[in-house]
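Residue strings, one per chain:
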Amino acid sequence: MSTKPKIPTIWDIPREELFAPGHRMCQGCGAAILMRHITKALGKDAIIVEATGCVEVTTTVYPQTAWKHPWLHIAFENAAAGASGVEAAIKALKRKGVIPKDKKVKVVAIGGDGGTFDIGLQALSGMLERGHNVLYIVYDNEAYMNTGIQRSGATPYKAWTTTTPVGKVWRGEWRPKKDIMGIVLAHRVPYAATVNPAYITDLYMKVRKAVEIEGPTFIHAFSPCTPGWRIDPALTVTVARLAVQTGVWINYEVENGEFRVTTPVSRRKPVRDYLKLQGRFRHLTEEEIAEIQRMVDEEVERINRLVGKTVIGPVVK
Amino acid sequence: MTAQLPGWKSLPPGAVITRPGSTVEYKTHDWRTLRPVIDQERCIRCRLCWLYCPEGTIIELDKPYTTKAGRKYTRTYEINYDYCKGCGICAQECPAKAIKMIEEVR
Chain Y
794 MSTKPKIPTI
804 WDIPREELFA
814 PGHRMCQGCG
824 AAILMRHITK
834 ALGKDAIIVE
844 ATGCVEVTTT
854 VYPQTAWKHP
864 WLHIAFENAA
874 AGASGVEAAI
884 KALKRKGVIP
894 KDKKVKVVAI
904 GGDGGTFDIG
914 LQALSGMLER
924 GHNVLYIVYD
934 NEAYMNTGIQ
944 RSGATPYKAW
954 TTTTPVGKVW
964 RGEWRPKKDI
974 MGIVLAHRVP
984 YAATVNPAYI
994 TDLYMKVRKA
1004 VEIEGPTFIH
1014 AFSPCTPGWR
1024 IDPALTVTVA
1034 RLAVQTGVWI
1044 NYEVENGEFR
1054 VTTPVSRRKP
1064 VRDYLKLQGR
1074 FRHLTEEEIA
1084 EIQRMVDEEV
1094 ERINRLVGKT
1104 VIGPVVK
Chain Z
298 MTAQLPGWKS
308 LPPGAVITRP
318 GSTVEYKTHD
328 WRTLRPVIDQ
338 ERCIRCRLCW
348 LYCPEGTIIE
358 LDKPYTTKAG
368 RKYTRTYEIN
378 YDYCKGCGIC
388 AQECPAKAIK
398 MIEEVR
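Respectively, the protein sequence lines represent chains Y and Z. Just so we're aligned: 1001 in my numbering is position 208 of the first sequence, and the numbers increase by one with no gaps anywhere. Just so we're aligned: 356 in my numbering is position 59 of the second sequence, and the numbers increase by one with no gaps anywhere.
Just so you know, these hints were derived from the structure itself, not from any lab. Mixed in with the good hints, there may be bad ones.
To be verified - Distance ranges between label pairs, derived from CB positions:
| # | chain 1 | residue 1 | chain 2 | residue 2 | range |
| --- | --- | --- | --- | --- | --- |
| 1 | Z | K360 | Y | E1005 | 42 to 50 Å |
| 2 | Y | F1052 | Z | R332 | 27 to 35 Å |
| 3 | Y | F1052 | Z | R403 | 51 to 59 Å |
| 4 | Y | V850 | Z | Q301 | 20 to 28 Å |
Unchecked claim - For the chain Z half of the interface with chain Y, some residues (derived, Cβ under 10 Å), not all of them:
| # | residue |
| --- | --- |
| 5 | C340 |
| 6 | C343 |
| 7 | Y362 |
Beta carbons: idealized from backbone N, C-alpha and C, even for Gly.
Let the hints inform the model, and build the full structure from the sequences given.
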């Protein structure tokens, strides 16, 4: 590798749409922005295997589909297993000469946070461990939004959901968010990254990279949910951007064990700015906000230690 | 519409959908209560509304446009009102404040 890959700009994103409009995702859905640009970055030679979830039920209302790729619906728990099978079938067809040997076809599994963090974790682990040439993308909207905002392993600390209500005894979710990237990285995958819909060029670059790398790759995407997070549909991108600016979400990639933060934040905003826009955090008291701030500070410190220098700066009011 | 629905004998087995991108048949414009309108005079062609639109309803056209002040642009951005759900992300993200959300009147 002599030359560094060119960092794409906003003008490098192709104009052609590979994700049709007319799908039934909510107004201002973060996952819809993600899917539009993920399909653009994948190009035409990809097979998508999709677990049950918001995107699956809203894009393929029978007898129509919003996808222009070959697309396979798989149950909640086995998107990764299904993708492994498709990848093995491509290998077999190449051996038999049905598909030309030099044709590159990437199998992409897409799952929600419920289908990845909770239900599909076992299949995901198996896929990563067996080393299939599959890209797994999880769009993380931090609860089971499709069935009516039930908590999942991805629900953040103190967030309201319908199964972690706010009252005299409970103050929303009391368990912290599961570290899915930690679990994936423990499988020593060649490439894993986090992406955010407010930083599309970064997303585009990471998906391109993950497609080109042979072996299991993983992308964790932040996906604001307007009804579930109780936000104004117009503020989807604002909230996503604030998540990065406050340090709640950190855009990074790990390539062959090398850790790199792709969106450095020199001066962080207080986490309150991110929380106050969302109705699911409306009940928080000053002490609870301070507690979340402390948790975010700890995570930022951990990332800075991993990188070896201060990439995410201190909170500046 | 209900009269022409195909029966189970004429549908492909396994509920396979053979027409890619066929949700274009379903127009989502009636979800909208606010309609975005681009002011071509103020638009600076930064592509951000096109980038952040969840539906892909903002169309990028190679149509030249010259503003009243004499500034020449090679591209124009227009909105496909058939699918716009009126979320307002484009108006929120527009750095030139060229997109206004006006009340939808039918």
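Y362(Z) as chain Y interface residue, shortest Cβ-Cβ below 10 Å: 17 Å, violated
Whether the CB-CB distance between K360(Z) and E1005(Y) falls inside 42 to 50 Å: 35 Å, violated
Given C340(Z) as an interface hint, is the shortest Cβ-Cβ distance to chain Y below 10 Å? 15 Å, violated
For the hint on C343(Z), does the least C-beta distance to chain Y fall short of 10 Å? 8 Å, holds
Tell me if the beta carbons of F1052(Y) and R403(Z) are separated by a distance inside 51 to 59 Å. Given about 53 Å between the Cβ atoms, the range holds.
Just tell me: holds or violated, for the beta carbon distance of F1052(Y) and R332(Z) against 27 to 35 Å? 46 Å, violated
Indicate whether the distance between the beta carbons of V850(Y) and Q301(Z) respects the range 20 to 28 Å. 25 Å, holds
Violation of the numbered hints given earlier is confined to hints 1, 2, 5 and 7; the remaining hints are satisfied by the structure.
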